[in-house]
Structure formats: C-alpha cells, structure tokens
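Protein chains in written order, with our numbering: chain P, 1 to 110; chain D, 111 to 224.
No wet-lab data here; the hints were simulated from the structure.
Incorrect hints may have been included.
Residues from chain D that face chain P, not an exhaustive set, calculated with beta carbons under 8 angstroms [as the list claims (entries may be wrong)]:
#1 Leu153
#2 Ile166
#3 Ala182
#4 Phe200
#5 Gln213
#6 Pro217
Glycine included, each C-beta is placed from N, C-alpha and C at the ideal position.
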Amino acid sequence: DAKTTQPTSMDCAEGRAANLPCNHSTISGNEYVYWYRQIHSQGPQYIIHGLKNNETNEMASLIITEDRKSSTLILPHATLRDTAVYYCIVERTSGSRLTFGEGTQLTVNP
Amino acid sequence: DTAVSQTPKYLVTQMGNDKSIKCEQNLGHDTMYWYKQDSKKFLKIMFSYNNKELIINETVPNRFSPKSPDKAHLNLHINSLELGDSAVYFCASSARTAFPYEQYFGPGTRLTVT
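Only chain P is shown next, with the shape it has when bound in the complex (with noise of 0.2 angstroms):
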C-alpha cells in the first residue's frame, strides 16, 4: 500500500474551514484514499473515502488531485469537538487491512 505523508499538526479556529492536505504521491490505480479520525481516549472514527472524484458526506468533502497523488480533507465548519487525530490511509484490500501513520493533530481554537 502506498505511504501517506502528513503534517503534524494544524491549528484552526471554530467556525471556520479546516483544510488537512495529505500527499500519496505512490499511489496505484486501485488504491483508495481514506480519512480516519480519533478523539483523545477514544477509538478511531470512519469520516469519508475516495478513488479519484470528489467526495461528500454530511462530515466533510475529500478532494483528490486530478493525478490521484494528493488529496485535502475539509471539515466546512470545525467545532470544538473536531480537535482529534486525522489519519489519511491509501489501501488497495477496499479498507479491511487499514495502515495508520501518524495522523495530523488538528486543533480547533474558539
């Protein structure tokens, strides 16, 4: 599977668009870019998934880049609950054997 790089961590305000950009510069055509989440102390969360279009669910947007090499998720509106690690995974068995890196440390400030 391919290896994601991510920042370490990112601050953002509340209310405001938090943008987490991940680089999968290796990735293969049947690989799918998935976003991950965990809370301090608790297990991690499913957010979105995407191949090659654009994604949205009632979480976030996933925009991947037209050559598939990086991809930037988008919490529209962070809330103060959306401080957590943000793991972006690229894997090719359609999400049964997930690899988590480090994740971006993402902090929302009122």
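Fit chain D to the known structure of chain P by using the hints.
The following block gives chain D in isolation, referenced to the frame of chain P:
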C-alpha cells in the same frame, strides 16, 4: 445501544499472567479486527476474522490468540504477558458486503502490565 463494545475498559496485571479481552458488535457485521496502539500512538492491525475464519494475521507473537465463537464476537487471549504488551487494544468490525469496508471501532481496552 453500543455498536462495538469491549470489556474490560482497563486491565492491570502482572508479567506472566494470562488475560482475555472481549469484543462484541451488534451491527450485524461479518468481519472483526483487533488493533494495538502503542505508547507512541501508532495503531497497527493484529488480526482479522471473517465469518469466524482468520483472514489477516500480522506478525504477532504466538502468545496472542484470537478466538471468534460467532460472527458477533472476537475475543483476544494473551498468554504470559510481558511489559511490552502494555498498550491500548481496539476491536473493530466491518461488513464485507458493503464495499469499501468502513470499519467501526470499539472504545478500546487499556492494558497495563507491571
């Protein structure tokens, strides 16, 4: 109506003991997983069962033995506990009939070996 539950939430034990962690899901999923999150917060898959059959077995010491009595349960038994086993263990489940497989995680079991 917890989706994925684990017991116990905290487990403190001494080196050399044998302990079990239980996991149950009420989502009707057919695949269950065990993950280990170490002190550096790296989360790594250990095992995966689909319909009670082992399908993923990462490089894990033989002291760790998963047991799946039915599709809704996946227990983790650990023999001869060592200090390095101290970690948070997460159970997860997914439905292989729903592609791609979104995983639902339990709250975790914090194991401390002294």
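Okay, the hints, checked on the actual structure:
| no. | hint | verdict |
| --- | --- | --- |
| 1 | Leu153 | holds, 4 angstroms |
| 2 | Ile166 | holds, 6 angstroms |
| 3 | Ala182 | violated, 17 angstroms |
| 4 | Phe200 | holds, 5 angstroms |
| 5 | Gln213 | holds, 6 angstroms |
| 6 | Pro217 | holds, 6 angstroms |
Hint check: a violation occurs at hint 3 only; the rest are consistent with the structure.
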